[in-house]
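Read top to bottom, the protein sequences are chains A and B.
Heads up, the first sequence is in full-length UniProt numbering, so the first residue is 1 and it goes up one at a time.
Heads up, the second sequence is in full-length UniProt numbering, so the first residue is 1 and it goes up one at a time.
Calculated from the structure, these hints are not laboratory results.
Hints may be right or wrong, so weigh each one.
Said to hold, decoys possible - To be clear about the criterion: a stretch of chain A counts as covered by chain B if any three or more of its residues have a C-beta under 8 Å from a C-beta of chain B, and this derived list gives those stretches:
| # | stretch |
| --- | --- |
| 1 | 249–263 |
| 2 | 266–273 |
| 3 | 276–284 |
| 4 | 297–305 |
Stated by the list, open to error - Here are the in silico distance ranges between beta carbons for each label pair:
| # | chain 1 | residue 1 | chain 2 | residue 2 | range |
| --- | --- | --- | --- | --- | --- |
| 5 | A | V59 | B | T204 | 34 to 40 Å |
| 6 | A | R199 | B | G299 | 56 to 62 Å |
| 7 | B | L132 | A | P294 | 54 to 60 Å |
| 8 | B | G181 | A | R199 | 43 to 49 Å |
| 9 | A | S86 | B | A334 | 55 to 61 Å |
Claimed, not checked - To list a few chain B residues with every Cβ distance to chain A over 10 Å, as calculated:
| # | residue |
| --- | --- |
| 10 | P13 |
| 11 | E92 |
| 12 | R255 |
| 13 | D324 |
| 14 | R326 |
We treat Cβ as the ideally placed atom computed from N, Cα and C, and that holds for glycine.
Residues per chain are reported as follows:
2 protein chains.
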Amino acid sequence: MYGAGDVRVEEVPDPQLREPTDAVVRIVRSCVCGSDLHPYHSMKRRDRGAPMGHEFLGVVEELGSEVSGVRRGDLVVAPFVWSDNSCVFCREGLHTSCRRGGVFGGGQAEAIRVPQADGTLVRLPVAEDSALLPSLLTLADVYGTGHHAARLGRVGPGTTVTVIGDGAVGLLAVLSAQRMGAERIILMGRHTSRTDLGREFGATDVVAERGEEGVERVRELTGGDGTHAVLEAVGHMPAYETAVGVVRPGGVISRVGVPQYESAPVGFGSLFGGNVTLTGGPAPVRAYIDELLPDVLEGRVEPGRVFDRTVGLDETPEGYRAMDRREALKVLIAP
Amino acid sequence: MYGAGDVRVEEVPDPQLREPTDAVVRIVRSCVCGSDLHPYHSMKRRDRGAPMGHEFLGVVEELGSEVSGVRRGDLVVAPFVWSDNSCVFCREGLHTSCRRGGVFGGGQAEAIRVPQADGTLVRLPVAEDSALLPSLLTLADVYGTGHHAARLGRVGPGTTVTVIGDGAVGLLAVLSAQRMGAERIILMGRHTSRTDLGREFGATDVVAERGEEGVERVRELTGGDGTHAVLEAVGHMPAYETAVGVVRPGGVISRVGVPQYESAPVGFGSLFGGNVTLTGGPAPVRAYIDELLPDVLEGRVEPGRVFDRTVGLDETPEGYRAMDRREALKVLIAP
């Protein structure tokens, strides 16, 4: 990406091993993330392009001398953050704060260097042409991020939940809340094709209204109280304000949309008076893959249904455009 | 209180029962709260004074026809919020959001009307001249509030904790963190007499520096990472900024100082990037009295040590002045 709206496909040198803990992975599937749209809207023009893409699965091609957990030829998925899976933060399940971690760039490509390969890569027991690839790819980010939202939102049996946003993460937050036993899941979104999928994922109610009107609708649906958990999967200020408007006293606002603001209301009238908790952040998806993988492999959940368009690597710029125009929910890239 | 700095002692009509669920309590001990200092600094002048005081213990004098849980002559303590102790929020332990609740005013007085007496009043098994009265009075607010901070901060064995503020609530947050088994408790405060009491309550380290320098000190003490829990017992923006500066990735900022600001930094660089949770609010102290009372009765904790001055009711304005000038930590009123 060279600037807002300017995504190009270029020939670059092949990735090489640099550290003995590295691997090189040939990418089999990658995709465009909702968070890629933020720089797509606002990135300043630059002379050197930024390599894009942090979600991928692929086949291990080369291994550094210290890598022992995966082998050449293994099909693997990588979380969007690499991590050693052994530091104090990783042991606490906070791989996004790993002392040796970092965020991938350049996953929308033919191959990629993976630092901390042993801590990062998870072997997938399927073939390279498995029909499960789209769902398995969501373990790299969006499914784990939806799970993170629901988990930090303390969703469980008896919980009422509002999900703000009908993008891929919002829909997978619905699926995650349903999987954790939520009693009621209100999905706020305006795109019928998306909210229809949300209903299939477990949404019990859909609220298409936004702003004050949307808040009013959720309050009506909940006897005036709001919901125990609000999973905010957008990242813009109006979504935050809606979250504050629909959360129940004592409830939790769990944010996984990357905030496009720095300051927000947190005082007596917004969070404090009602003992509302604000939580969330980049999802340590590596911590969740072991838990989420079996349901995907056995077909009990199909998070890959969020992909509604597939492009080749050369068509990646068109994939960005389609997502930006809401013509596509989430674009799969098959290099 | 008629305005900032203007506290008067006046004769007013005796409180009367209004509802069958009311009681009238003759006040034996009350006190001045740190939160009373906020209007003491900023309240606009008004013609009718606002009755002050929300912490009291006393003797039941009159009972409405529907009150059955306490009797005339019982010594009782009241949480600073009255509540029915039976609505859906009370059953969840969130008495501050009780459907029939409200905040007391007029506890700095000889007597007070107590709505929802059955839900609100807790009988104290001691005599009216017990030496335990100061500690028992802290159950009305400050001890329960310190406990709330530590509880929402998920303090437990192995937890590292920073407490911001050496007022009564901050010191009782230290005591609460210690009682819950915190591994390390760093108290940020500048008043040696107070931080000395904080050490007796369990603080392992004291940081007198403020602002950037204070943040730096706490980071030095924690190998650069900050602490798992930050208990913020002040309510001003610099305290919030310090909290953001000293919290560990994945940690919790638990606020019990009433925020004197509405907006604050919550974006990627402050809370989101490190998966930091922001929680807190008015403490539902009624929910905690049953748990906290035994240790007080048996002398295992002495939260009443935060009172370092006692005045008669007529001297209440002087009590405000002393607390405002930091000459007194917390002022007990013996009408």
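Take the C-beta atom of L132/B and the C-beta atom of P294/A, compute their distance, and say whether it sits inside 54 to 60 Å. 56 Å, holds
Status of the given 43 to 49 Å range, CB of R199/A versus CB of G181/B: Taking Cβ atoms as reference, G181/B and R199/A lie about 46 Å apart, which means the hint holds.
Nearest-CB test (10 Å) between chain A and R326/B: 25 Å, holds
For E92/B, is the shortest CB-to-CB distance to chain A above 10 Å, so the non-interface label stands? 6 Å, violated
For the stretch 297–305 of chain A, count the residues whose Cβ lies under 8 Å from any Cβ of chain B; is that count three or more? Answer violated; 0 residues pass the 8 Å Cβ test.
State whether the coverage of the stretch 249–263 of chain A by chain B holds or is violated, taking the criterion as 3 or more residues with Cβ-Cβ distances under 8 Å. holds (count 8)
If I claimed the Cβ atoms of V59/A and T204/B lie 34 to 40 Å apart, would that claim hold in this structure? 52 Å, violated
Was P13/B rightly flagged as not at the interface, with every chain A Cβ beyond 10 Å? 31 Å, holds
Distance rule for D324/B, whose beta carbon must clear each one in chain A by more than 10 Å: Holds, because the least Cβ-Cβ distance between D324/B and chain A comes to about 21 Å, which exceeds 10 Å.
S86/A paired with A334/B, Cβ distance criterion 55 to 61 Å: Since S86/A and A334/B have Cβ atoms about 59 Å apart, the given range 55 to 61 Å holds.
Beyond 10 Å from chain A, beta-carbon-wise, is R255/B? 7 Å, violated
Check of the stretch 276–284 of chain A against chain B for coverage (Cβ-Cβ below 8 Å, three residues minimum): holds (count 8)
Checked against the numbered hints given earlier, this structure breaks hints 4, 5, 11, 12; the rest are met.
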